[in-house]
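Novice: The chain contents come next:
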Amino acid sequence: MSALTTEQPVREPAPAPQPDEQPISANLPLTPSQLEAFGAEMDAIRQRIIADLGEADADYIRKVLKAQRGFEVAGRALFYLPPAWPLAVAALSISKILDNMEIGHNVMHGQYDWMGDPALNSRMFEWDNVCPSEQWKYSHNYIHHTFTNIVGKDRDVGYGILRMDADQEWHPYYLGNPVYALLLMLFFEWGVAMHDLEVENIVAGKRKMSENAALHRGIMRKVKRQALKDYVLFPALTGPLFPLTLAGNATANLIRNIWAFNIIFCGHFPAGVASFSVEETEDESRGQWYLRQLLGSANITGGKLFHVMSGNLSHQIEHHLFPDLPARRYPEVADEVREICERYGLQYNTGPLGHQLFSVAKKICRFALPDDVAQVPGVGLVRALLGKGKPPVAVVAEAA
Amino acid sequence: MGLTSTLLASRTLAALTSPHGVDRYLELVNPMWAAREVRARVVSVERETSGEHPVATVTLQPTSTWRGHRAGQYVQVGVEVPGARRTTRCFTISSAASQPGERFTLTVRAHSEGLVSKWLVEQARPGFVVHLSQAQGDFTLNESPATPTNNHLLFITGGSGITPAMSMVRTLLRDGYDGHAGRKVTFLHYARGPEDQIFATELAEIAAADNGVRVVLRHESAGDPLFSAIDLARLVPDFREVDTWVCGPAGLMERVELAYDGSPRLRTERFKAPVVKAGNAEGDVVFSRSGQQVANTGASLLEQAEAAGLTPEFGCRMGICFSCTARKTEGTVRNVLTGEESSLPDEDIRVCVSAPVGDCAVDL
Chain U
208 MSALTTEQPV REPAPAPQPD EQPISANLPL TPSQLEAFGA EMDAIRQRII
258 ADLGEADADY IRKVLKAQRG FEVAGRALFY LPPAWPLAVA ALSISKILDN
308 MEIGHNVMHG QYDWMGDPAL NSRMFEWDNV CPSEQWKYSH NYIHHTFTNI
358 VGKDRDVGYG ILRMDADQEW HPYYLGNPVY ALLLMLFFEW GVAMHDLEVE
408 NIVAGKRKMS ENAALHRGIM RKVKRQALKD YVLFPALTGP LFPLTLAGNA
458 TANLIRNIWA FNIIFCGHFP AGVASFSVEE TEDESRGQWY LRQLLGSANI
508 TGGKLFHVMS GNLSHQIEHH LFPDLPARRY PEVADEVREI CERYGLQYNT
558 GPLGHQLFSV AKKICRFALP DDVAQVPGVG LVRALLGKGK PPVAVVAEAA
Chain A
-18 MGLTSTLLAS RTLAALTSPH GVDRYLELVN PMWAAREVRA RVVSVERETS
32 GEHPVATVTL QPTSTWRGHR AGQYVQVGVE VPGARRTTRC FTISSAASQP
82 GERFTLTVRA HSEGLVSKWL VEQARPGFVV HLSQAQGDFT LNESPATPTN
132 NHLLFITGGS GITPAMSMVR TLLRDGYDGH AGRKVTFLHY ARGPEDQIFA
182 TELAEIAAAD NGVRVVLRHE SAGDPLFSAI DLARLVPDFR EVDTWVCGPA
232 GLMERVELAY DGSPRLRTER FKAPVVKAGN AEGDVVFSRS GQQVANTGAS
282 LLEQAEAAGL TPEFGCRMGI CFSCTARKTE GTVRNVLTGE ESSLPDEDIR
332 VCVSAPVGDC AVDL
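From first to last, the protein sequence lines stand for chains U and A.
When we follow the numbering used here, the leftmost residue of the first sequence carries the number 208, and every step to the right adds one.
When we follow the numbering used here, the leftmost residue of the second sequence carries the number -18, and every step to the right adds one.
All clues stand as given, with none of them false.
Simulated crosslink set (SDA-like; lysine to any residue; CA at most 20 Å straight-line): (1) U:K569 <-> U:D374; (2) U:K273 <-> A:R5; (3) U:K360 <-> A:F295; (4) U:K436 <-> U:A284; (5) U:K360 <-> U:S232; (6) U:K436 <-> A:G2; (7) U:K273 <-> A:E18; (8) U:K569 <-> U:P379; (9) U:K360 <-> A:S304; (10) U:K270 <-> A:G2; (11) U:K436 <-> A:L7; (12) A:K165 <-> A:V196; (13) U:K436 <-> A:P0.
To be clear about the criterion: a stretch of chain A counts as covered by chain U if any three or more of its residues have a C-beta under 8 Å from a C-beta of chain U, and this derived list gives those stretches: (14) -14 to -3; (15) 0 to 7; (16) 66 to 74; (17) 302 to 314.
In case anyone wonders, no lab produced these hints; they're calculated from the structure.
For glycine and all other residues, C-beta sits at the position ideal for the given N, C-alpha and C.
Could you build all of it, start to finish, from the sequences and the hints given here?
Specialist: Okay, structure coming up:
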């Protein structure tokens, strides 16, 4: 091949471990020297994209923004035509999904701060969601993205409500896991808004109610604005169609909730995604941080439109490796990340939406039960009544 | 426009467009429609001087949200320079005081490293849209031009520092009775030479007319004297007792301040320019909000702030969460992740991954 055609960079094989070193842990299967090389390769990708940011990225996000505003205005307007109600709901749902994911989530990550446009600045952007951006940025950008999948530190492991990991101790409360997950899905934006209140820590006595006063005020201010717009003003503007518009706006919020929940749960909960202990992540190097992000995340395969509608969170692995790079770049770096994974013999968790969702659903049900099903209240009684039955432990093994 | 702007700025419309605000929708239809933000359309760009650093006067038609300006004020101008980066710099308004929504002009010298000034002088074309702040600054004319007084006003300017003084003199002549400034005005300006003289024709006209304004131009290339207290005393004997506005290069400002010896009559305006220094652990770091100054150790600004006893907000400490973003007002910082250095004034930086290179001031 001549130098004028696409140049294939020469890939060094992954370095062999030094004779006197061990992998960090079973979960983190690289040695310190390998991690250094691995981290340097990730840094190089990051550097290259940062140097290349420019007009194309700006045009893209402005185009998405324009489409979102267009769908929003169309949705609000179509409520004046009662037969077009489903269309109105669809348009408004698309608008809310774009606003929350490809625009809101990504802008608030600082992915477009380099543009210097106040409308696309992480410190100023506010999204169409009841959770105030200020609070979301703390729990998401800082807590979740820094301590990803460290059980006991990353509050996104089960969101303080669900048991999603074997290292979370079982309690009879978790028998309701599937029900809580269903409720969280339907009321997702409210769950996200309540997330920062750390209700589970208040119940556990680790947090005082008074610590929540300021957060609570912030949430109420945002809730009032969101509710006024979606449930009072826009319905009122359609006069006699008030109930239809109200129902339509509520449906659009519901659709957005369900969609966002499903995409986000596929990001860290499919089978095979690793979780980590506080001990194994102490004094973590940059390379180890990258490795933890990679092994603690999972992708969803799909077409271009699907990636846009998921805010490119379908590339959760690339998002966790490079949270502040514009999300439209994730598909482009995904091939390289996969190739690096192959060379280092690392898992790259990906699959179609249906497959990943089924895997998550199984996990939600599996962790509703303790590792030893005999702990479940009543199981002993049932077993005694039934006499010799199939041992429930075997059922669990199948489900897992 | 009255009813429309009232409607656009109404609370109902704000509630309907929450959380993004009315302007985020209006701008998609027409960038000149705004409820709160200020933008302007370039009407014309006229060269004042040519040469290595040419000067141009840019006439702007602001949106109806522009609240007008007082003579001597400046405005922040944001333009999208190549690479889709909005860059914002301050420019003094050179036209006479404006009313809300009224056109005004900026007179800008294209500095070799000035992204925005070069864009305004060399690339701006009629129809282009720029982002604006409202007018800012207290370096203003605090007298009513319509009321003649015995006060003597003195303007001392150098180079492109002529603009605020020009706005004040233009305001006096426009709003004074019958084209007369209504007071004694001395306009002393220093330029490199006639080819670098901004507003040459208009200044000649002002000098020739019977309007109370005395124009003195000093051209270095023609062998005219540089600023000195003795030279000034020849023009205005009691200058320390005269209301004076001075604006120009640092050297001129220093000499004028020395000559005035702390007189409260002297008003100064400085233009901030990026200061680039080489080296790593040199210079001083100023934490402007807390008023602390420490010797630069070369560590990240977050670590240096903490070592100085400050408790700035932070999160990940590795440059991913943006919790620690703060405004750097002066100096150069190096991004410790990318090695990239930046010397832009008034720039938002993540202090956990930014290390100062030489002197640096951060709003912490």
